[in-house]
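Here is how the chains run, residue by residue.
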Amino acid sequence: MAVPPGVSAQDFDRALSEFENAVGEQWVFTSDEDVDLYRDAYSIYKGEPEDRTASAAVAPYTVEEVQAVVRTANRYRIPIYPISTGKNLGYGGSAPNLSGSVVLDLKRMNRILEISERNASVLVEPGVSYFDLYRYIQERGLKLWIDVPDPGWGSLIGNAVDHGGGYTQPQFRNHFDAHCGMEVVLPDGDLLRTGMGALPSSESWQQYKFGVGPWIDGLFSQSNYGVVTKMGFWLMPEPDAYLTGTVHVPRHDDLIPLIDTLNFLENTGVVNGMPQLGSMVGGFAGRPEAALQELLESGASTTELEEYAASAGKGYWNCTVKFYGPEKAIAANWEYAQEKFAAIPGATFEAGESFKFPLSEKQIEEITRGQVTGTSASGLPEFGVPSLAMFSIGARSTTNPYPTAGHIWFSPIIPRTGEAILEANRVFAETAGDLGLTVAAGGFSLPTTYWNRSFIYLFGFPISETPEDNRRTREAFERLVRVAAEHGWGEYRTAPAFQDMVVDAYSFNDHALKRFNERLKDAIDPNGIVAAGRYGIWPSHMREA
Amino acid sequence: MVSKTVLLSAVFALAAAGWASAANAQDALEQRGKEVFDYWCEACHGDGPGKPGTAALEVLYNGEKPALIEQRDDLFPDLTRAFVRDGVSVMPFFRKTEISDSDLDALAAYLAP
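Residue numbers (the numbering used here), protein chains in the order written: chain A, 801 to 1345; chain B, 5 to 117.
One or more of the hints may lead you astray.
[To be verified] Here are the computed lysine-lysine pairs in the DSSO-like style, where the Cα-Cα straight-line distance is at most 30 Å:
id, chain 1, residue 1, chain 2, residue 2
1, A, K1114, B, K69
2, A, K1009, A, K943
3, A, K1140, A, K1128
4, A, K1128, A, K943
5, B, K69, A, K1314
6, A, K943, B, K38
7, A, K1140, A, K1162
8, B, K69, B, K38
9, A, K1009, A, K1314
[Claimed, not checked] In silico contact screen, one side only, chain A against chain B (beta carbon under 8 Å); selected entries:
id, residue
10, P949
11, D950
12, G952
13, A1189
14, A1195
[As the list claims (entries may be wrong)] Restraint-style ranges between C-beta atoms, simulated for each label pair:
id, chain 1, residue 1, chain 2, residue 2, range
15, B, D90, A, T862, 39 to 47 Å
16, B, A26, A, R935, 51 to 59 Å
17, A, R940, B, N28, 29 to 37 Å
18, B, D77, A, G1236, 44 to 52 Å
Hints in this document: simulated from the structure, not taken from any laboratory. Glycine included, C-beta positions come from ideal geometry on N, C-alpha and C.
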């Protein structure tokens, strides 16, 4: 059994014994076989000495047990690493930033504590997955939707505190933004509630985020200042209907007014679903037809590509907009959106899908089929239905006979303009060329629109069983992070293997933000026990080392 | 004689109760296994579209074996245990706070031939 760094074997034994007293012997895992299950299944250091591993794991069932474990850890200065469902695959999974940490596994804390259809909100513990909440809502026939990320087995809390996103209306897509109220066990074992939760007799913990005074919830996301044990979330009342429509624009430079118009429509609330950008090449992960591929490989000019788009009856770019709401209102909103997009000369329009809710099982199956085959603009997440369909990426399939061993994402934030997309395409295509990488639909890569005020590019890298492949991937990834930073584009989220370098890019005024985070760390967690190194925040004794 | 007959009957009754109890225990184990499957495995290995595990096995076996693992007749318990605890390809391994050893035994019994 490994011993945490900086801890004597004797102290570790004592701490483990206290952990057992707190949570029960069967919920303290120390055998190699059990602890091995806390490594990152999608590790970019798979099978290498740098692979992050735990020394033990402890799985409390109640907040009081969490407090007891944290107090013991603080007394013996044992590094602990909280996980919720441990399914943050592609971003570190259940493995700690600091090898030798004791994983605080909160999966057993899986209670849905309160749900209100009238207030459209829920209060959950960290072990509650999107699947769990979906089943709970369905069993009770509540008219509530969850905004789900791609994999449904993730934790609402874990996903939100790592800044995950989803696919419905903008006020729900940003999962941290959609939370209301937190409960946190601090590194000394003290228990804190934020917002209206700090007012003992309040009934509005899930209704008003701020309470009074500084709003500190953000400190507990992508950080290591405490262990989040409860969070409230705002849910989406089931709408009446849904509609999509697509605008095609004919010229390369039309991307600029296309995005500006889209931004206007989103910022005014006319378009309230998650837009989807596309091109004549295809959408996300799309591949061009053979004739177009040939043209692209020949180094065709923009004019030639515009001519191809016209002759093929396609726009150069397109955007599918999505609407939730009363059937008549969203039809009117689509009509209004067309009027606005029509200011782009040559814009054409295509009606899309429409649904009335609730969906039937047959409709859900058809939507799933459309999502998997890429023939539909809407997938299950647009309707708040959790699944694991996204794992078809990388899994063995008819189009992918050689499955990967997982994936990681290079995911920079760029400005929400057409100019930024064109510039990012140029820069990433050039960098990919230097690195010998093949980018699907290179030059036509389009960002995703999870956030309604910025774009995120998502480039997936496969994890290999071969260390040499992973070493090359790490080099490429780090190069892309540096090149992106040179252009002012930063990662929104990343795996522990890259957190130090990603955070280092946010370096304004000699890393003032990082230095501030470190001052907070020293004040809130002077022994540096919680998630050391998470998002580049190291305790003082490790900074000095 | 009478007493012997009664005794034998009692012995048979006891044996039958034992068999019934063992059968009930096996049924309960497999029932639990089905619950574990539905909760943890179905989203990837169920029937219908959007199930990447089933889609992957369909390509891997190309009709030689069923793509649906619930229809397989060669998933011996140790094989199920190995996949759950070791993972394969993009399928991660599962911790004991997710699928406990007793739940894994139940799942293995449910999927066993």
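Hint by hint, here is what the structure shows:
1. A:K1114 <-> B:K69: This hinted pair is violated, its Cα atoms lying about 43 Å apart.
2. A:K1009 <-> A:K943: Roughly 23 Å between the alpha carbons, so the hint for K1009 (chain A) and K943 (chain A) holds.
3. A:K1140 <-> A:K1128: Holds, because 19 Å separates the two Cα atoms, which is no more than 30 Å.
4. A:K1128 <-> A:K943: Measuring from Cα to Cα gives roughly 20 Å; hence the hint holds.
5. B:K69 <-> A:K1314: violated, 55 Å
6. A:K943 <-> B:K38: holds, 29 Å
7. A:K1140 <-> A:K1162: violated, 35 Å
8. B:K69 <-> B:K38: Roughly 21 Å separates the two Cα atoms, so the pair holds.
9. A:K1009 <-> A:K1314: holds, 26 Å
10. P949: violated, 14 Å
11. D950: Result: violated, 11 Å to nearest chain B Cβ.
12. G952: Where the cut-off is 8 Å and the nearest Cβ of chain B is about 7 Å from G952 (chain A), the hint holds.
13. A1189: holds, 4 Å
14. A1195: With Cβ-Cβ at 4 Å, under 8 Å, it holds.
15. B:D90 <-> A:T862: 39 to 47 Å: Given range 39 to 47 Å: violated, Cβ gap about 32 Å.
16. B:A26 <-> A:R935: 51 to 59 Å: violated, 33 Å
17. A:R940 <-> B:N28: 29 to 37 Å: The hinted range 29 to 37 Å holds for R940 (chain A) and N28 (chain B), with Cβ atoms some 32 Å apart.
18. B:D77 <-> A:G1236: 44 to 52 Å: holds, 46 Å
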